[in-house]
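Residue numbers (our numbering), protein chains in the order written: chain R, 1 to 344; chain F, 1 to 344.
A few of these clues could be false.
[What the hints assert, rightly or not] Pairs of lysine-lysine residues, derived as BS3-like cross-links and limited to a Cα-Cα distance of at most 27 Å, are as follows: (1) R/126 - F/126; (2) F/126 - R/276; (3) F/21 - F/48; (4) R/126 - R/48; (5) R/126 - R/21; (6) F/276 - R/126.
[To be verified] Chain F stretches covered by chain R per the calculated footprint, using a threshold of three residues with CB under 8 Å from any CB of chain R: (7) 119-126; (8) 195-204; (9) 215-225; (10) 230-240; (11) 274-281.
Rather than coming from a laboratory, the hints here were simulated on the basis of the structure. Since this is a predicted model, take the numbers as computed values, not measurements. The beta carbon of each residue, even a glycine, is placed where N, CA and C say it ideally should be.
Listed below are the residues making up each chain.
There are 2 protein chains.
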Amino acid sequence: MPRIAILGTGLIGASIGLRLKATSTGDGLEVVGFDRYRDHAQGAERAKAVDSIVRDPTEAVRGAGLVILAAPILAIRELMEQIAHALEPGAVVTDTGSTKAEIMRWARELLPDTASFVGGHPMAGKTESGPGAAEATLFEHARWAIVPSPEAAEDAVDVVAGLAHMMGAQPLFMDAEEHDAYVAAISHLPLMAATALFRLTRDSEAWPELSLLAAGGFRDTTRLAGTDPAMAHDIAITNRTQIIHWLERYREALHRLQQQLADTEDEQELFRLLTKTNIEHGAFMSGAIGRKEVGEKHWESVPDSAMLDLLMGGTWAERARELSRRADERIAESERRARSGGRD
Amino acid sequence: MPRIAILGTGLIGASIGLRLKATSTGDGLEVVGFDRYRDHAQGAERAKAVDSIVRDPTEAVRGAGLVILAAPILAIRELMEQIAHALEPGAVVTDTGSTKAEIMRWARELLPDTASFVGGHPMAGKTESGPGAAEATLFEHARWAIVPSPEAAEDAVDVVAGLAHMMGAQPLFMDAEEHDAYVAAISHLPLMAATALFRLTRDSEAWPELSLLAAGGFRDTTRLAGTDPAMAHDIAITNRTQIIHWLERYREALHRLQQQLADTEDEQELFRLLTKTNIEHGAFMSGAIGRKEVGEKHWESVPDSAMLDLLMGGTWAERARELSRRADERIAESERRARSGGRD
Chain R
1 MPRIAILGTG
11 LIGASIGLRL
21 KATSTGDGLE
31 VVGFDRYRDH
41 AQGAERAKAV
51 DSIVRDPTEA
61 VRGAGLVILA
71 APILAIRELM
81 EQIAHALEPG
91 AVVTDTGSTK
101 AEIMRWAREL
111 LPDTASFVGG
121 HPMAGKTESG
131 PGAAEATLFE
141 HARWAIVPSP
151 EAAEDAVDVV
161 AGLAHMMGAQ
171 PLFMDAEEHD
181 AYVAAISHLP
191 LMAATALFRL
201 TRDSEAWPEL
211 SLLAAGGFRD
221 TTRLAGTDPA
231 MAHDIAITNR
241 TQIIHWLERY
251 REALHRLQQQ
261 LADTEDEQEL
271 FRLLTKTNIE
281 HGAFMSGAIG
291 RKEVGEKHWE
301 SVPDSAMLDL
311 LMGGTWAERA
321 RELSRRADER
331 IAESERRARS
341 GGRD
Chain F
1 MPRIAILGTG
11 LIGASIGLRL
21 KATSTGDGLE
31 VVGFDRYRDH
41 AQGAERAKAV
51 DSIVRDPTEA
61 VRGAGLVILA
71 APILAIRELM
81 EQIAHALEPG
91 AVVTDTGSTK
101 AEIMRWAREL
111 LPDTASFVGG
121 HPMAGKTESG
131 PGAAEATLFE
141 HARWAIVPSP
151 EAAEDAVDVV
161 AGLAHMMGAQ
171 PLFMDAEEHD
181 AYVAAISHLP
191 LMAATALFRL
201 TRDSEAWPEL
211 SLLAAGGFRD
221 TTRLAGTDPA
231 MAHDIAITNR
241 TQIIHWLERY
251 REALHRLQQQ
261 LADTEDEQEL
271 FRLLTKTNIE
281 HGAFMSGAIG
291 RKEVGEKHWE
301 SVPDSAMLDL
311 LMGGTWAERA
321 RELSRRADER
331 IAESERRARS
341 GGRD
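Generate coordinates for the entire structure from the input sequences, incorporating the hints supplied.
Right under this line is the structure:
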């Protein structure tokens, strides 16, 4: 009977289990779970994300063809140490950690040559943690970064890509350094930005008033401050250099914006920047990938309707054109006012 | 027949209209709308947020006992200029602008003494704009800042507080300077933080890859980059000093976090900070206002279960205690490892 071991049955591990159970009925697949925290293990069993739970990681991996390490990053290292001697020859081991360079190093160091390690990182999640928040659909339409070790057998890579497909996700192959650089920008920097923003306001004398007035915008922007602290901490210390690089760049970007704000001479420049941002953000939220879709030129060029309609359907393109038209109108009007010396 | 004029029938104006129509059936209230953009005016009429639309703001305010200015901030100034001569004696005028000091100044300057101006700011909204996104429930459980001008008649203040109540919101009285300082921190700073974060990544060479990998966390953190550019621009230029002040402080907070990240000597300090942030963020998201609820002491003191349970019900308090316990465990373990020289 094919056996899959999930070590770490929190949100991610239990969601993988739920999907495995949902898509593989009747083929006799057995999913065994382990979690160092008993409530997580029991929660996963209660949610039927696993067939059984065991109290020892070595017990879980015995007889398992696929082992999924779904724990915070430093706990993944510990699990590797614990299971190394118990892995079946030919076993495929993968993980779901948010950084990859360190994990690939540990796998090379700790796992036996008889097993194949293929790193993985599903680009999905939510602020809630634990098996109680797990969903079989968590990874649908998400990207799943796959980082094969040079030593991994080719069919091991297929197994992990197949797992990603089974989860409803799109596998994307990259190397560990690429991965860590990219996620530093679009995942770890937002985490730090949200943490700093929440801490700054929370530590303010005015927090009682601020928390009373804070609405949806504040909640969205600081949502990642609710990230599980063990997960956040392990991300920070295993991708330190990249995160610091992006934090530097972010502070520079904020400084540029601050200077534009302070520049009372050219307020239209700020308005142009905000309009461009709004249009490009709209394209991104509508699912546009990359920047070809909105052209390399400035926002003024956006109403290239034929291209836009072709690339992203009517609604957003229509809005972008309308926004652009109003921006022109507003700028023309403010120029007219400036010429007339503010007299009208 | 009582008449209310809504000048500006975008998301906010149309949502107010919808709620007015929903709660005042049968008492003969007439809601008249005006918007300089014909699609917004027609959209509001189509959504039945207003009884009728007119093509001139002066026409809308004639006979109106209450006039609501629900436009971007600079457009509010223009509307004041246009309607000043046409206001009924005794009319109450309010607005929904995101900054208050400038608007109070304009009202004093432009509106006749026979009308009472009471500034307003509903602390609710969403990224989508326009009357098509309007909802009668948009303001439910939100705070509604109310800033009376010193000259306003007392019953005018009651009218505007009554409007907030009717919308399902909680009126909060404050002066314009207080208001602008608070919203700079919890509304305008998040807007700038999201804008800078989106621009930084969008302008990166790696944007094609970044946009492919970006998931929910990035979307949440940058959501405010989709704010209507006219609204964002007017906020920026009418609350410039306060926003710049908070941008300075935010860059400092990011710098502190960056230094903690760089400090490889005391990784537990970073972990403590992240745990404290997670617990306090959880309290805030569960509806705790101010900071009394989690004590003035550090996160170590959080599991004061009696107080927590009393103040915010079981679930969150339980989670905070569990998190705190795991943090203790993790720190103890890492200290044990450090003492044994990393040999186990």
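- Query: Looking at the structure, which of the earlier hints fail to hold?
  - Reply: none
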